[in-house]
Amino acid sequence: MKILTTPRMERCIGCHSCSLACARLVHKNLSWDTAGIRIASSGGLSTGFEARTCLACDPAPCVRACPTGAYSQRKGGGVIVRKNLCIRCGKCAAACPVDAIYLDAATEPFVCIHCGRCVPFCPHDCLEMADIAGVESARQGGAS
Amino acid sequence: MTTDQFRVLEVDLTTGRGNVEVLEGRDLVCGGSGLAAQLFARHGHPDRPWNDPDQPLIFAIGPLTGYFPLMSKTVCAFKSPYHDQYAESHGGGRSAFALRFADLDALVVTGRAAKPSLITVGSRHLEIKDVSYLWGKDIFETGKMLRGISKGPGHRSTLRIGPAGEVGSAMAEINVDTYRHFGRLGGGTVMGSKNLKAIVITGDAVFPLPDSKDYPKIFQEVYTKLTDTDMMSKYHDIGTPINMAALNDLKMLPIRNLQRTTDPDIAAISGERFADDTLLRNAACAGCPVGCIHIGFVRERFQEQHRFLYRQVSYDHEPIFAAGAMLSVTDPFKVLALLDVTEKVGLDVMSAGVALAWATEATERGVISERETIVPLSFGDSEGYKQAMENLGRGSNEFYRILAQGALKAARHYGGEDYACVLGQEMAGYATGEVYFASQALGLRHSHLDSAGYSYDQKETGNDVSKAVAFLVKDEQGRALLTSMVACLFARAVYTDELLARCLKAIGYDFLAENLGPISRNIQQLRWKMRLGTGFVPEDVTIPKRFYEVTTAKGAVNADFLGGVMRDYSKAIRELSARQDDHSRPDT
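First to last, the protein sequences are chains E and R. The numbering of the first sequence is this note's numbering, which starts it at 1 and goes up by one. The numbering of the second sequence is this note's numbering, which starts it at 1001 and goes up by one.
Do not rely on the hints blindly, as some may be mistaken.
[As the list claims (entries may be wrong)] Lysine-lysine pairs mimicking PhoX-like chemistry, simulated, CA-CA at most 25 Å apart:
#, chain 1, residue 1, chain 2, residue 2
1, E, K28, R, K1409
2, E, K28, E, K83
3, R, K1505, E, K28
4, R, K1144, E, K28
5, E, K91, E, K75
6, E, K91, R, K1151
7, R, K1225, E, K28
8, R, K1505, R, K1213
9, R, K1554, R, K1505
10, R, K1474, R, K1217
11, R, K1129, R, K1144
12, R, K1129, R, K1344
13, R, K1409, R, K1474
14, R, K1144, R, K1459
15, E, K2, E, K75
[Said to hold, decoys possible] Under 7 Å between C-beta atoms, here's a sample of chain E residues computed to sit facing chain R:
#, residue
16, G14
17, K28
18, L30
19, T34
20, G44
21, C115
[Claimed, not checked] So these bits of chain E aren't anywhere near chain R, every CB distance computed over 12 Å:
#, residue
22, R11
23, L55
24, I80
25, L103
No wet-lab data here; the hints were simulated from the structure. Ideal placement from N, C-alpha and C gives every residue a C-beta, glycine not left out.
Excised from the complex, chain R in its bound form:
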């Protein structure tokens, strides 16, 4: 419900008790990303390691969640096992609506349970159950069993981890409602370290509508824009994999561990091929009529006689890049089969695919061998990769346990740092050039979604460092505002600042509506303060040699330009962090 305070439930797994807190701060941090940072300032321990039981695992929504279409994402924040610093990872599914209708602006999990546990929470209940029997179960089995455990009326969202989250992988995801994820930076292992196998959130509260004539009108206006114009057609039609062919044509797609940026074979795994040959159906996050979730199928023969099994597998540009292009697996069904295994063990596919791409090149160069990888790895061999993915997810030997901490960490151990495709974390599916590389390497989430560096590279031709850095800082500010509402970033063209202000005003957030500029700047600064306060040193981030060897349609990467953007963006980040006023411990 719309209030100026945040309603936050802290669940302490050590004591098995919950605590509802009502916190000030709406006018300073809005919600979502801003609220997560505020809560980390309140509950986090910057000086202790990520797996200290007292560290919080935070899930936060925003003021517009549930009130307007595509306000359907949840921000998950934690101290990351990947770099032991503050991290955010975003997910959708039904998680945001479930929190809204559980009457919570945020859920904060602290402590460590004595036994593997399940938290079930709703607007009128909280329970912590011993689910020791689920430990070791994969994502699919866990999902089926949780459906049986949490029967009953009402809509719910299920957050769960697989084996990767139990064995300390820094690439373990939190699966959300089967087809969505808090994928990046190891949130799954934070759950695992707390002995928390799953969270089931039931959204069973009912709120009166805001007393405003404008609300239904603006809702209709937004809904019409999203459904009756072509603004969302990219996501509604082919989906994000439309990027595969486009980037390949521009020589901007990372292929074969970024040994190349274009390849005729990519035509076989274009978004169009996936849609025409493998797409079964679409699905949506709750409250989103766009339905961008594309679900393909895997059909496998398991007996000589005609006996098959099939599974439904969601796909997007990033998974196809990571499990397809980076590994030179160019059969859509083989890519889906690999995604299926990744999903099963609960790994972030982007990190896992890129890590296996490094391992393959390291194998080719004789740096590692089958003694480490257990199965032979070679580009294009999807059967080998399926087994390797299972080994990576389960931490089958020392090599896979090291690789699961990150490709660069494995490279430091075994050799081969030059070709570890890591920009803060394993790269996303854009080899667009200098500005993108700097953007992911230094971005708060090390995500392609931190700011649109990939777009800047494609649109701008000059090498103006100041212009590029100014763009990154400003674009990040706008995105931080959207992820504090919490909007799906696919709707960023629809939700302009002007429309956001009207939406906020229509449901009674007049102050937010009138102060979007200073509030978004405050959120941006607070997030950076958390990041630097937990040990991030932007000047220490290096770009592996492989990125300097990239050639795109624009030509070879300009090392001076990349170095300049890295230097000045680092400086800008320091300034953002230093300028933040101390809003970290607002009064309760």
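So that you can see chain E by itself, here it is in the shape it has in the complex:
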């Protein structure tokens, strides 16, 4: 199983096409926010952009924080969220160290499901689906 990675964010132009695609195609919304990937300027538009998206932690702090079992570890990295078990407490978002979980006005959580549907909408190839083994190897400084 692959996970969504953001290896070339320095190329990002801030068009938000990835977020809009996720909201549109995965969550069936027209939205800037209810998406598994959100783009933010990193301290003003002159400093470039960063992606807020799930890093596929294992074990994931959001899984540990979820009091109802709505969050579970996804095989190959990331999490699976069963919205019917979610009580909208927002603990998942508070536990995420990289602000990858968006809570809407009703505290419904939105997090990346690593489906990769945003990837083809990036005009600058900032995003990539990668094997978790390769990502781990790269994180440790090895060849991927």
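With the hints as your guide, set chain R onto chain E.
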């Protein structure tokens, strides 16, 4: 969200209260330019001056904003300090998306705040804050401080003015998200007259997708056209400055206060030179994968020891024309440094550059001197221009305060009207010939984007007045429709009427889709009605002598042809305005 009504927030700065209105009219005016005109008819006061506190400052988006790529522009409308008539100015950045996701088709600001103020608005909040401490701050400082003031989750758009908007300059811009602008016709000073330093719009609403199988398919089709074909390559690659060399080759680039239309030195400030030597990166308006915003850099040594500062400066054809070609500044980094100062003080660079070009020629001719200009002005001297730009933006003395009302107004005061390069307002970067000159001089926005007169000049060889005027009227109608959606006009080749109809239908606007012709004609007529209703007399517009002295690759300007186009286009504008049915005060 897609509805047949408009959801409009009026913020009254005098009372400090907001009022959400739900208005009819979608099927008549669509949105954007059409909605702005409808709102001006509702809230505006044609018989009172532009700075009457009750006059509205309008920001409007359209039915396709946010739903399809490049539907990323906002229409700003107001009674202009430049000519005290109805005006539109268009801007991008994140403003259109922010309004969409603030769940507003339009924001209307009326009244005058007791103290310098900031409006913060989102789908679930509205607040007016006293920001007296920001008054006098330039665009850069204001932006940094606003980031601190408006922290918190969510995407937002920041509209702000600099010193030029505070001192009554008719050339003051509204800066949008650092690199975009509502540049023309003095919108910044309308904000300033309302004691409104900035507006921060947070787009935090979520809407269900239209219940249509066609929507995702058409979205994908449009997206593919925009990204996988060469239709947008001009904007994606070199960007609009590709025009610099092309127009120079055709002897159609205004240079040195339009004393010439071609010059070998222009090669040094071509789009290619900017891209190769100064381009740092690109940026995009929200919802646009093209990313046409080209950002170069300024690096300045400020101490003997190797100590530098750097800034990032956006550039396009028009700024390079105005701060480069018109002033004969032919070093890309010096052009960027001048753009940087213009940005800092919050001036519209096109008007400011052309005004300084007039001031330079007036200096050369002895009409004015350093007594007026404070610093010596001479073509090519970018250091002098940097100081002059600062003086113009801050209204440092009487001369600069008069010049800031427009080059022609300064010329009327000091002399030198023949060479004030003004076509309704300071000219844009096209000296293509008669049809363009008439198009900008009489166009609703006095913009090169009102209709493609510049293209007509390049493609047509005859001097057929009727054909030229018919083209201008028809092209304007098509553009008015696009700016009512609100599309970026760079996507005009992609968004044909047929595609617009399919897009509208896919998200539930069947009536609009099936009536684009009559609706666009209605919008065109309504806008002209607003313009003429606020005092525009097309027959009174004159073309300064300098434009008749221009020679392009096609030859010398034909005065008879230009006069004929001016006469018949004025007549056509009057007919458009007169024919408009009274949709000005639809039921609420």
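Can you name, in rising order, the numbers of the hints this structure does not satisfy?
1, 4, 9, 10, 13, 14, 21, 22 and 25
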